[in-house]
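Colleague: Residue strings, one per chain:
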Amino acid sequence: MKIFKHLSWFFKQEKKAYISGIFALFIIAVINLIPPKIMGDMIDEISSKSLTKESLIISIVILLVNAALIFVMRYVWRICIFGAAFRLERILRLRLFEHFTKMSASFFQKYRVGDLMAHATNDLKSIQRVAGAGVLQFADAVMTGCSVLFAMMFGIHFKLTLITLLPMPLMIIGSQLLSKRLHTTFTVAQQAFSSMNNRVHESITGVKVTKTFGQEKEEVEKFHDETMDVYKKNMKVVIYDAGFDPLIEVIVVLCYIFLFVFGAQFIQSGEITVGNLVTLVNYMNMLIWPMLAFGFLYNTIERGNVSYERIQNLLIIKPDIKDKENAIDEVPSGNIEFEVKKFTYDPKLKPVLQDIIFTLPQGETLGVVGKTGAGKTTLIKLLLREYDHYQGTIIFGSHEINDYKLNSYHAAIGYVPQDQFLFSSTIEDNIRFGNTHASHEDVIAAAKMAAVHDDIIGFSEGYDTVIGERGVSLSGGQKQRIAIARALILNPEVLILDDSLSAVDAKTEEMILEALKENRKGKTTIIVAHRFSAIKHSHLILVMDEGKIVERGIHDELITKDGWYGKIYDQQELYEGGEHHE
Amino acid sequence: MNNYDKETFTAKEQLSVLLRLLRYLKPYKGLVFLAFVTVIFATVFSLLGPMVIKDIVDTAFVDDMVKMDIVYQKIALYAGVILAFALFRYLQTYQFNNIGFKVSQNMRVELYKKLQNMGMRYFDQTPAGSIVSRVTNDTEAIQDMLNNVLAVIVSSIILIIGIMIAMLLLDVTMALICFLFLPVAIFVIYLYQKYSTKFYLIARDRLSQLNTRLAESISGMNIIQLFNQQKRISDEFEETNKEYYDASMKNVRLDGILLAPTIQLLTALALAILFSYTGLNSLYGSVSVGVVVAFIEYVYRYFDPMFQIMERLSIYQQAIVSAYRVFKILDHEELTPQQNENASGSIKEAKIEFKNVSFSYDGEKEVLTNISFEVNPGETIALVGHTGSGKSSIINVMMRFYEFYQGEILIDGKSIKDYPIEELRSKMGLVLQDPFMFYGTINDNIRLQNKNISDHDIRKACEFVQADTFINQLSDGYEHRVIERGSSFSTGQKQLLAFARTIVTNPKILILDEATANIDTETEVLIQEGLERIRRGRTSIAIAHRLSTIKDANKILVLDKGKIVEQGTHDELLSQKGTYYMMYQLQKSEENDNL
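Heads up: the sequence lines are chains A and B, in that order.
When we follow numbering that gives the first Met the number 0, the leftmost residue of the first sequence carries the number 0, and every step to the right adds one.
When we follow numbering that gives the first Met the number 0, the leftmost residue of the second sequence carries the number 0, and every step to the right adds one.
Careful, some of the hints might be misleading.
Said to hold, decoys possible - With the Cβ distance kept under 8 Å, some of the chain B side facing chain A (calculated, not the full set): (1) Q115; (2) A174; (3) I176; (4) L225; (5) Q263.
What the hints assert, rightly or not - Label-pair distances were calculated between CB atoms; the ranges are: (6) B/N210 <-> A/G461: 38 to 44 Å; (7) A/G461 <-> B/P126: 21 to 27 Å; (8) B/A10 <-> A/D453: 48 to 54 Å; (9) B/L82 <-> A/Q108: 35 to 41 Å; (10) A/E329 <-> B/P126: 51 to 57 Å; (11) A/D453 <-> B/R532: 39 to 45 Å; (12) B/L14 <-> A/I56: 32 to 38 Å; (13) A/K560 <-> B/D454: 43 to 49 Å; (14) A/M227 <-> B/Y360: 35 to 41 Å; (15) A/R180 <-> B/R532: 54 to 60 Å.
I should point out that these hints are in silico values taken from the structure, not numbers from a laboratory.
A virtual CB, placed ideally from N, CA and C, is assigned to each residue, including glycine.
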């Protein structure tokens, strides 16, 4: 019941819907009692031949009015209660989504996309079920159950009712037992299914390997075993699942037996009539659903509780990075003074950055190189304000970066990520992602600077080409260049290219760098790269290794020194005699 | 509109899909027969119940005298009937589920087999996610229908017919009154199916849009934040969220009117008419109370199956859509290239010849035109050229991923189509640019599914490509589990494992697609060493992205727009001062700028 308390804010908000819905359910529960009684009475009147025309007409009219009223009430409760439940799902989904938009990088590192998706789909569904089906089950179990019992006991015959319902608890116990077994076997079956699912996914994405090694037959055999496993585990579920209906039938029959054997005696002693017996039969049928509803309610609430807790646990997480009080609402501009003594993601591990100190004057270009894992991307992440628990200061313009409002700060930065993430919409929408007011001409200009315009007009739909799963798939190099255009269209104070030229060939790289030089006069640029050609014109090059700056200077200085830069430069020169593959 | 998106069908199309689907029941004739027997028995016994009750009321409770012996007797009979019903009901559910799960299992394997024999083009053109959901989700939807809908439809029809017969036996006029409701109920079902299918599919589509949006936004959250687009993206999300809500509400409203309430209204109407009739009759003559009691029961049961069917219409609709998509794959004709009949023999020397090979992906635009070259046993030939020059296409036809339509590819003087495909696969090793890692251990990833490869072979292969150094540093060595497509390994390490995977099969011919992007220079050195080692003593075709790595190739082919524009050794090509020379100089001059 905890979940109902948790959701009380919502019930309050939807007071009108729930009160009308439950009221409708209450009306149904009560007037539903009328037809069996009337039918029973009519039967008695028929058998005792005391039926009159008037009483017949009245009875029929009552039956019809009753049916019409129930029809209306059913519609009312459905709209009220299920409607509210869907609204709850919608509200919570948006709340979750907006929460996600406020979360920092560490949050998304901790929770994978799949987990978060599960919260936003399955967990929301089970909470929705509490607010919809759960309320219905509760109302049904309590109101219908009680009213029918009341009618049976006080309207017909108290003792016979008790006797008749003696086997009913068995139904609750039996269905609970079955549910438990069902749950465990079902979990196992679900696991088998999801492992099969993973297997198919892996095999489809790795189909080239399978073909290369000629292992199609083995693959099919293995898959056959896997599907057989799914089959067997599902059939275990069926053993219990198939038991539900028969269980109910058997218990109901037990009730019937009690009803008829004892009912016959009561008829004999004149305590009840045959019509009463028929009424009882019909009432008893009406009790089956409330009894089951109790069982369902238990499961609904159980699941709702777990889901609500899970969602709540996400919602209480505070963003790591947020605006300070009195944060400066101004887009930064000026020199960047980077002075980080120490930074570590996890205090237990050794520092990822140590003594990184440099100044980048406004309008200049910084190049950062080093081995994979040297800390280059971490340095960028600090600049992007993805983490702020470093020791030291980073000053941009006249203030420390943490003093700016996050929104204002980000407005100064154009970032091109390593992973070339694009959204599945049109190319045009992707390029103007950060500035939806940009004109088509702006988009083209940015695309030209990023040397991707020619590629785009080569597509049959041009800038309206939809990319992603349902559209055209782009090459790595094309994605990178569109991501560059997306950053360039903002004409940002600082442009950050995080290894964003890796998949473009040397000639294109040269074109892009040239365009940057021309169009970004007076603006700062930071380039992280593996290939030195991308950074050799920089005003300052930092060579990083194990989180430290091991060499610094300009290209010409660095190659003459006997350091890592010089050594790798020689190797690159040796290897990179030619074209770069895209 | 994409064919896979097709979700509405004409009645004729639906029928043909359904019929084809039902053909999958054929192998389980016995099971299906059993299932039908159980459903018939279950239905008959469930019909007998009210009959017995009627009997009790009519025979035991006559004229205020209760004959207890008859009550006991009949009640025992009734209990027996219902127990039999319960038993058959259980068997029925079990059997139908059994059929559903069997059919889906069968269908999955059939699909999977088909996919394994599909040409590479299919995989290049179809997103992996959609293929996966054909194999798993669509087959599940079909299974759902076989499990739940089939039994209900069959039992409903039998039930309705049975009840009609029972009613006729009890009282012809009353029965006929009830029959009048049948066309009305069918019309309601028709209306419901018409709208619910539409609304249901819309709601489902909105939900999938919502989830796609959500997943994408989560993966791209840092971009959204850095570009200050939280507000806009949230608004857009809420828009889709609202669309889903609206679609769901349409369903709720429709259900509110047509689903249970209408059927219940019809039931009430039928009962009212029934009572009017019997009541009037009783005013002028006598009426059997037992018949009335039984009729009440039958009326309830008469309408219930209609509700059951309506409730499951969406499952049926989903299954038809799913089956359509599954059949679409099964009917796909683009199979992997076929070998000639009587293909035999084995590759010994591994001399490769391309003779005027032309090839096109779409049958229109040629991507390879008259490609001819020769590679002698043990030699290395390198392919260079820009993106789209045809390098990868040469690999695609050589590996028989795609069929070439003109010219010949010979190995040891015999057409590549005259070798059994197994022979080609075992003698030709392809190293992919993107080393794909499977779930499993390092051992599994090198052995793949070839049981003839021993642990010792794997160790030797790893030592050979020098992957052993990093493997030995892992606490569990070769039993180390590869997670998330090998994300815990560097690109270089993955590449070395891919080398080991190829070398352990000891191929005669090597086809190498060099990795380029996102590799730091030190890793590159490691890979180059591995490459040199595995090339030794093998005939190799290498796609080279770094010209320096192929300086010592026996021959270099320079490709442009699907044609060989230059060929020769590194030195020869340089002295020709052509395309190769230009390519070589480009980077070189850049590097030398500042020297």
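Colleague: Are the hints correct? Go through all of them and say.
Modeller: A quick look at each hint next to the structure:
For B/Q115, the suggested interface contact is upheld, since its CB lies about 4 Å from the closest CB of chain A, less than 8 Å. Given the 8 Å rule on beta carbons, the hint for B/A174 is violated: about 18 Å separates it from the nearest Cβ of chain A. A distance limit of 8 Å between C-beta atoms decides the matter here; for B/I176 the minimum to chain A is near 14 Å, and the interface restraint is violated. With a cut of 8 Å, the hint placing B/L225 at the interface with chain A holds, because the nearest CB-to-CB distance is about 5 Å.
About 7 Å separates the beta-carbon of B/Q263 from the nearest beta-carbon of chain A, less than 8 Å, and the hint is met. Between B/N210 and A/G461 the beta carbons are some 29 Å apart, a value that contradicts the proposed interval 38 to 44 Å. For A/G461 and B/P126, the hinted distance range of 21 to 27 Å is satisfied, since their beta carbons lie about 22 Å from each other. As the Cβ distance of B/A10 to A/D453 is approximately 50 Å, the hint placing it in 48 to 54 Å holds.
Range check, B/L82 to A/Q108: about 60 Å between beta-carbon atoms, so the 35 to 41 Å window is missed. A hinted range of 51 to 57 Å is violated for the C-beta pair A/E329 and B/P126, which are about 44 Å apart. Checking the proposed 39 to 45 Å range against A/D453 and B/R532 shows it holds: the Cβ atoms sit about 41 Å from each other. Evaluation of the 32 to 38 Å hint for B/L14 and A/I56 yields a failure: the beta carbon distance comes to about 48 Å.
As the Cβ distance of A/K560 to B/D454 is approximately 47 Å, the hint placing it in 43 to 49 Å holds. One distance hint, 35 to 41 Å for the beta-carbon pair A/M227 and B/Y360, holds here, with the actual separation near 38 Å. Hint check: A/R180 to B/R532, Cβ distance near 58 Å, so the stated range 54 to 60 Å holds.
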